[in-house]
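K.L.:
Protein chains in written order, with the working numbering: chain A, 85 to 828; chain B, 10 to 232.
Wrong hints could be hidden among the right ones.
[Claimed, not checked] Lysine-lysine pairs mimicking DSBU-like chemistry, simulated, CA-CA at most 30 Å apart:
{"id": "1", "chain 1": "B", "residue 1": "LYS11", "chain 2": "A", "residue 2": "LYS533"}
{"id": "2", "chain 1": "A", "residue 1": "LYS503", "chain 2": "B", "residue 2": "LYS122"}
{"id": "3", "chain 1": "A", "residue 1": "LYS644", "chain 2": "B", "residue 2": "LYS122"}
{"id": "4", "chain 1": "A", "residue 1": "LYS421", "chain 2": "B", "residue 2": "LYS82"}
[As the list claims (entries may be wrong)] If we take Cβ atoms under 10 Å as the criterion, some of the chain B residues that face chain A in the derived model are:
{"id": "5", "residue": "PRO18"}
{"id": "6", "residue": "SER20"}
{"id": "7", "residue": "GLY63"}
{"id": "8", "residue": "GLY152"}
{"id": "9", "residue": "GLU159"}
{"id": "10", "residue": "GLY160"}
These are computed hints drawn from the structure, not numbers from a lab. The C-beta atom is built at its ideal place from N, Cα and C for all residues, glycine as well.
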Amino acid sequence: MMASAWSPEVIATHGLKPDEYEKILQILGREPSWTELGIFSVMWSEHCSYKSSRLHLKKLPTRSKLVLQGPGENAGIIDIGQGYGIAFKIESHNHPSFIEPFQGAATGVGGILRDIFTMGARPLAVLDALRFGPIEDAQAGARNARIVEGVVSGISHYGNCFGVPTVGGETVFEPCYNGNPLVNVFALGIVKQDEVYYGKAIGTGNPVIYVGAKTGRDGIHGASMASAEFTEDSQQKRPNVQVGDPFMEKLLLEACIEAMRTGAIVGIQDMGAAGLTCSTVEMASRVGTGMEVELDNVPQRETGMTPYEIMLSESQERMLLVAEKGREHEVFDVFRKWGLEAATVGVVTDTARTVVRHHGVIVADIPSRELADEAPLYDRPHTTPYRVHPVERLTPVPASADLTADLRTIVSSGDMCSKSWIWEQYDYTVRTNTMAGPAQADAAVIRIKETGTSVAMSLDGNGRYCYLDPREGTKLIVAECCRNLSVVGALPVATTNNLNFGNPERPEIMAQLVASIEGLAEACSFFEVPVTGGNVSLYNETLGTPIFPSPVIGIVGLMKTEAPVGIGFRSEGRDILLLGGLGECDEVRFGGTQYAKAVLDDLWGLPPVLDMAFEKRVQQAMRQIVAEGLAESAHDLADGGLAVALAESSFPNGIGARIELDSDLLPEFLLFGEAPSRIVVSTATPERIQQIAAELFVPVIRVGVTIGGHLEVRNRNLPLIVTEVETLRLPWAGALEEKLESRR
Amino acid sequence: MKIGVVVFPGSNCDHDAWYAVTHNIGHQAAYIWHDSTKLGDVDAVILPGGFSYGDYLRCGAIARFSPVMSAVKSFAAEGGLVMGVCNGFQILVEAGLLPGALLRNAGLRFICKTVGVEVATTNSPFTHAAQQGQILRVPVAHGEGNYFAEGRILDQLEAEDRVAFRYTEPVNGSQRNIAGILNEGRNVLGMMPHPERAADPLMGSTDGLAVLRSLASAVVVAK
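If we strip away everything but chain A, and leave its shape as in the complex, we get:
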């Protein structure tokens, strides 16, 4: 084997710091080969090793009676009873989606789906959280519009063809995402508890089998790319982005599930980030075994590929599995039936080393556990979270000239307008489980045919809140996810998270990450929704400008199968109740609201105050209300506060509301303040709801009544908002498409 010292430049271009290289020398007891250098580079990248976040992620709660599989596997699994579990996880594909939006987003969907079916679970639902720069942006608007269209069609292309419904998600626009869009994809699948598969290379002498697409030169160093900031020449990294084939993935799904049923498979892992490298090393290191691989046997799309390229390729739709020796043919039969390539590429050993040969010559020989588990771990310095905006607004919030016009401005803004242009491009009804798809209810709901029960999912984030206070902002997101689930009657049970942050080597950015993780830990413990997995995406900066700290939280809840409570008012003459009361708001707590953003074009202050104990009682009351079938409609108050919640409740069926309030608050705060722990409920049985709320010490106010076609809000007889629903709905419904049209 070649053993020569690599120049500092070569080491640096592999993203390895001098002390990290020293550690490699220690582990190997010699200089690494070129292939080994590549292997260490990807395995020790931020993306694969979580070296900046690992220390802090340990603070997260990960256990409960329902958690069957916590963090560390391809996906988390929770018990849903009757011998079944649901596997779910979220993954980001931020960097590739900026460089090549269509393929970047498509392969993001592909990657998370493989994480789910690798475990033996059939994917049942996808949700996605998207962050873009504003389409209206003077400089970057046209590019942002292209990214929006590319990302949405990429998700649509992959998910629709694969045959998994995309049932929900959220889309937010902020200038900080101009050079750094976020594409976070959540997927959930169903698995029998005794048929869960793990990425474990068990059994010395067992064959290691490669299945799926051939290996090409695409995506080499994708994981390293995701672990660095963007610079002006990042566009030249386009060859690093992989190309997805959802048809291949669909075949892979069916073949894997069928092959698992043969009982001949002992371990399986998808080849995602860092491809063959990551799958071989992780499968062996998890169980302390070794693996020997001959690269000549790896199906290759191109000729003349070097071992370095084969090991680092991130070609999509590939899996690595270990079969029981002597039963390989059962696996091969299944893959042949589905027309897929399968080849024995190696064998499990008891040497605890990953040995890679090419044309019979050893090109890498590394102790598996040290490579996987002794990746550098950093306690990076962290100071106070980065922020440049003031807590106190320099001048008081100006009195609104026309609150109805303000409401129209907000509901037709990028964040708050209807996203139907996006989700109508996603097949959200395939698999015939979708009980509440996009925008129908506060959470997406699918039934589980196997158990006769249902699962609700909520995906949420709020970069503004987290920028103003990462810890409190993150807690507010967890609270909102749990509230969304409670509104449809589901009991929140487990969490997955995607932590999207800037450069952790900057102490003020690291401080955001640490505070956010601590907030996540605190809230997940309090709401009893342990974290079963997730993803960390750092270095989301372009030319030194970081994104807002953007944790995206996905929480799943369990419920019985019955028609979920929707957002829209359903009939006239119903009482409208505000569960949780009118809420508090002052000028400081108004600075992160949608009103501040869309109407004042400003940002200051702190996020709304969250009282977690109170929030929990509100949610408990809500679930009780739904369980007793008392709510005709229900919608939580979130972005845009009471006024937006009322508007959104009016849009689906054109049934509006006449609201009479009694409050000392400024009208702007009263209508648009975003205090949490509040839910608008329309009902024919207000007395029983009041009784339930009283028993839990939750205030509930009867604020008005549903009426046909109009939305009117008064405070102490002073009209604040008076409008026809339709004049509000039309700009809301058409805003996104108009913005995109204006850029064509």
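Please build the complex by placing chain B on the supplied structure of chain A, with the hints as guidance.
P.N.:
Same frame as chain A, now just chain B:
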């Protein structure tokens, strides 16, 4: 009574069709693998939605060469009931069992939504249990559902009462809002909307049952 559900590589509504037949209308169903040359003991055949063979080249263009399609053609020629939904409709058109073509949607985007579908004729084994002019609420989910045929073919379809379903408003650019058509023998139906997705009250609509029940009872009567 048993309904066969063909499985092509890339079919993704096969499970849904199977579930609707077995659970929502209470009949037997059996999967038929794409490379089999026989349909087995089935009384009717559903070609389900999806992306058969990745829909490479053109939707349904590769599936038409699949071994099972020869069996489907013979079955149809003998009067067997064949229903193609979404990708199944595209395959039937490519296979020449139905006239016309399905082009990319007018907006050039995939469309998923529940739409109004008018029953344009009840004179068929797939619609006889519905009312003439009845409006069904049924989901569509397709990128290429824009029905196109020459004017004289469209005239002929209408003259022969072979338009089975029409959208109540433009959805994808289809000529004359055609959502589903019958062959000359009226035993082959192609439709873009998904009746199997509107077969359970939990899914928000059970209007698709009118189609599935028509099919099932037609088979029973024929037997």
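K.L.:
To test your reading of the hints: which numbers does this structure violate?
P.N.:
Checked against the structure, the hints that fail are numbers 9 and 10, while the rest are satisfied.
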